[in-house]
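S.K.: All chains should be modelled from the sequences, with the hints used to inform the complete structure.
There are 2 protein chains.
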Amino acid sequence: VSAQRPAASLVAIGDELLAGRIADGNSAAIAARLSGIGFGVRGFAVVGDDLEQIAELFSRCAGRDELVIATGGLGPTQDDLTREAAARAAGVELELREEVAAWLRGWFAARGRTMPDSNLRQAFFPAGADVLENRVGTAPGFRLRIGRGTLFALPGPPPEMSDMLERAVLPWARAAWPEREAAARGEFHLAGISESAFAERAGAWMERGAEPRMGVTAHTGVLSVSLLSRGAAAEAVLAARSAEFRARFAEEIYSDEQPDLAFSVGRILIERGVTLATAESCTGGMLAARITSVPGISAVYRGGWVTYADQAKQRELGVEAELLRSHGAVSEPVARAMAAGARRESGARAALALTGVAGPGGGTREKPVGLVFCGLALDGELEARGWRLPPVGREQVRTYAVNAALDLLRRALAR
Amino acid sequence: VSAQRPAASLVAIGDELLAGRIADGNSAAIAARLSGIGFGVRGFAVVGDDLEQIAELFSRCAGRDELVIATGGLGPTQDDLTREAAARAAGVELELREEVAAWLRGWFAARGRTMPDSNLRQAFFPAGADVLENRVGTAPGFRLRIGRGTLFALPGPPPEMSDMLERAVLPWARAAWPEREAAARGEFHLAGISESAFAERAGAWMERGAEPRMGVTAHTGVLSVSLLSRGAAAEAVLAARSAEFRARFAEEIYSDEQPDLAFSVGRILIERGVTLATAESCTGGMLAARITSVPGISAVYRGGWVTYADQAKQRELGVEAELLRSHGAVSEPVARAMAAGARRESGARAALALTGVAGPGGGTREKPVGLVFCGLALDGELEARGWRLPPVGREQVRTYAVNAALDLLRRALAR
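One line per chain: the protein sequences are H and G, in this order. Take the position in the first sequence, starting the count at 1, then add 55; the result is the number in our numbering. Take the position in the second sequence, starting the count at 1, then add 55; the result is the number in our numbering.
Just to be clear, a hint being listed does not mean it is correct.
A few chain G residues facing chain H, derived, Cβ under 7 Å [to be verified]:
no.: 1; residue: Ala74
no.: 2; residue: Ala78
no.: 3; residue: Ala83
no.: 4; residue: Ala87
no.: 5; residue: Gly340
no.: 6; residue: Met341
no.: 7; residue: Pro350
Label-pair ranges, simulated between beta-carbon atoms [as the list claims (entries may be wrong)]:
no.: 8; chain 1: G; residue 1: Ala467; chain 2: H; residue 2: Arg420; range: 39 to 49 Å
no.: 9; chain 1: H; residue 1: Gly351; chain 2: G; residue 2: Ala376; range: 20 to 30 Å
no.: 10; chain 1: G; residue 1: Glu262; chain 2: H; residue 2: Pro423; range: 52 to 62 Å
no.: 11; chain 1: G; residue 1: Glu290; chain 2: H; residue 2: Glu306; range: 54 to 64 Å
no.: 12; chain 1: H; residue 1: Gly351; chain 2: G; residue 2: Arg200; range: 55 to 65 Å
no.: 13; chain 1: H; residue 1: Gly167; chain 2: G; residue 2: Ala265; range: 30 to 40 Å
Note that these hints are calculated values from the structure, not bench results. All figures in this text were calculated on a predicted structure; none of them were measured in a lab. The beta carbon of each residue, even a glycine, is placed where N, CA and C say it ideally should be.
M.R.: Structure follows, in structure tokens:
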């Protein structure tokens, strides 16, 4: 890590993390933000509620890195040891901050409660610390010099952490290292392309030494691609590659900010006023649940059917018994008929239908686990597509199928 | 950490973890298994694909702890540096294992492919390492003595990690420290009780010094409780507390192994042959999706409706317009009528219906965000319940509502 790229270490604190009762999502979120403003993130540590171990970690990280960001351990119970550990690492005492005590009492009073004595712990801070206001919960954070480094202690709950990070940590870090190397970070989310097909078309952009550096993650049917550029021309280099990227993957990109494909598709439906209905067999309501996770979707979503049994496909969607007999429920003609039925019954402009073999049982030689058909009825048009998804587990096959269906609709709306 | 409680450190390796593209779920899973057999887990570290940093971490951890378990960095690319870092930390060279190279060639041949040259990297191991077979993927693991500690290097993909952990690491660790303190771990999953109500009824069991030690995590409507007992009488102490726990929380416990409430309810439905249908408004298919995530549920699940619009509630479920007008869609009478309609239309013995205000918009003074009603029709009986869930966000309200509905059904089936 060069002098122009200040180093940062992240420490997540809590027995619940060590025990696996909660996963540490904070560190990765903080790391992405820090690397995007030119810091070099060395690593994360996860440690339990153990005073000595936390203090030792703080000393070691602050003796090595410019910035140490800790999350958790700021609550009112005896297990919350971040304040004490920081004081120990800095070689200072804890002291009561009357203004914080008053604020805490006010917080409880405003809710018609008396502050429990234990919460007074949250008003003690290492001498010399700057207290950071918590606008979301009760646990204030703090900033403290330890050796050559600066420790930021943030609350563990993600909404509280995130608010304090954006408001107190990042502006301070930007100002404290004005000479740091410039950096710029961007991302794209793609659907309808496999990781290997993407790697082939991205070519040299993906090489380890490439600038900007590219990272790709596949999530059951969608890809998230991050671009990180460093150096004086970071912004310009990122902008140039982003423009090339948009051109090369014009059909596949569905968003440059929102990783959830359902949100992108839902946004288009709402903006264009395209009404939608769904009919699902193997995905059992998952497509409807994803679509209805979009705020405001009630303006266009007309409803859906979970027609697990053949009988329900006939009764609710008017799929003909003969079609089911001759092709089987998992077939392109049945996917089409389900979509057509859902559109007709609901009166929506568009209808998506899914039928497939999610597994683990029910697969045959002809119709193996992972075989999925999607039907789409859009105004006068009726189309269908089939996929043989990798039989990687029931929930993955279902998630994959839902993403494939959403992408089919997205592409049809783009035509 | 006493001599009877061997210490373990976990190291997760990969740029994709540091960048937040993947979350490290391996460490928590390994920690839970290790603490359950009497190890003291000191902490986790997450580090990028950086040879020096990985080697330095291995040296430090192995110099301090009996057991170091690393995950990731065993693939065929130049970014996969775990083998080299371990060799460096142990002060040995990498050497080619012909038997592994032959196995890798065979793996590719069996799939009709020629092994790419790069995969030969996976046949090089630190001198003195014991190679661990990978029965799930291509990346073998290894065990290596470093200083006073023992390093296990496992592949990063969770199914591969998990198989190697159970088969190669835990049996070895049990045998290598026969004198270690005994430990026993158990868990319970509860529904229909808040975290604070649980804490009150659990009382002294939850105190920090209590034996067994209890940990509780709340997940939108369900609680997971872990019990960890240590010492010679660990098994007996755990068994006694577990029996008391079962008695005290008899109504709330739905499983002692499966955290997913839908699985427990689905299992009961399948075992007893109770057919089910669903009708959803605010949860938009989420209840159906959860139920159909249970393998084998097609034997009893008759299907569902997502009746987002009032029109759909009338047309599909026969809810009367007058009922919707006088009580509003989010009301107990409408929840009942939806359940009754779903049962009648589907011919199922049981039907669950949900209607509510998921937010973020749509709340009023009388019907705020978080207000949810669930209707249950079971044979001749018709009941309904309402909740005012905390308005913690659309997806959480919906998840909470689904769990509340599943619990209502679970309790009705237990009567």
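S.K.: Each hint should be assessed against the structure and marked as holding or not.
M.R.: Hints and how they fare:
At a threshold of 7 Å, the smallest CB-CB gap from alanine 74/G to chain H is about 5 Å, leaving the interface hint in force. Taking 7 Å as the C-beta cut-off, the interface hint given for alanine 78/G holds, the closest approach to chain H being about 6 Å. With a cut of 7 Å, the hint placing alanine 83/G at the interface with chain H holds, because the nearest CB-to-CB distance is about 3 Å. With a cut of 7 Å, the hint placing alanine 87/G at the interface with chain H holds, because the nearest CB-to-CB distance is about 5 Å.
Evaluation of the glycine 340/G hint against chain H yields a held restraint, the C-beta minimum of about 3 Å falling below 7 Å. Hint status for methionine 341/G: holds, given a least beta-carbon distance of 4 Å to chain H, under 7 Å. Because the closest C-beta pair between proline 350/G and chain H is about 6 Å apart, less than 7 Å, the hint holds. In this structure, alanine 467/G and arginine 420/H meet the distance hint of 39 to 49 Å, their C-beta atoms being roughly 42 Å apart.
A C-beta distance of roughly 25 Å is found between glycine 351/H and alanine 376/G, which places it inside the suggested range of 20 to 30 Å. Our hint of 52 to 62 Å for glutamate 262/G and proline 423/H holds, since their Cβ atoms are close to 54 Å apart. Taken as a hint, the range 54 to 64 Å holds for the pair glutamate 290/G and glutamate 306/H, whose Cβ atoms sit roughly 60 Å apart. Checked against the hint of 55 to 65 Å, the pair glycine 351/H and arginine 200/G passes, with Cβ atoms roughly 60 Å apart.
Taking 30 to 40 Å as the suggested C-beta distance range, the pair glycine 167/H and alanine 265/G conforms, at roughly 32 Å.
Every hint from the earlier list agrees with this structure, and none is contradicted.
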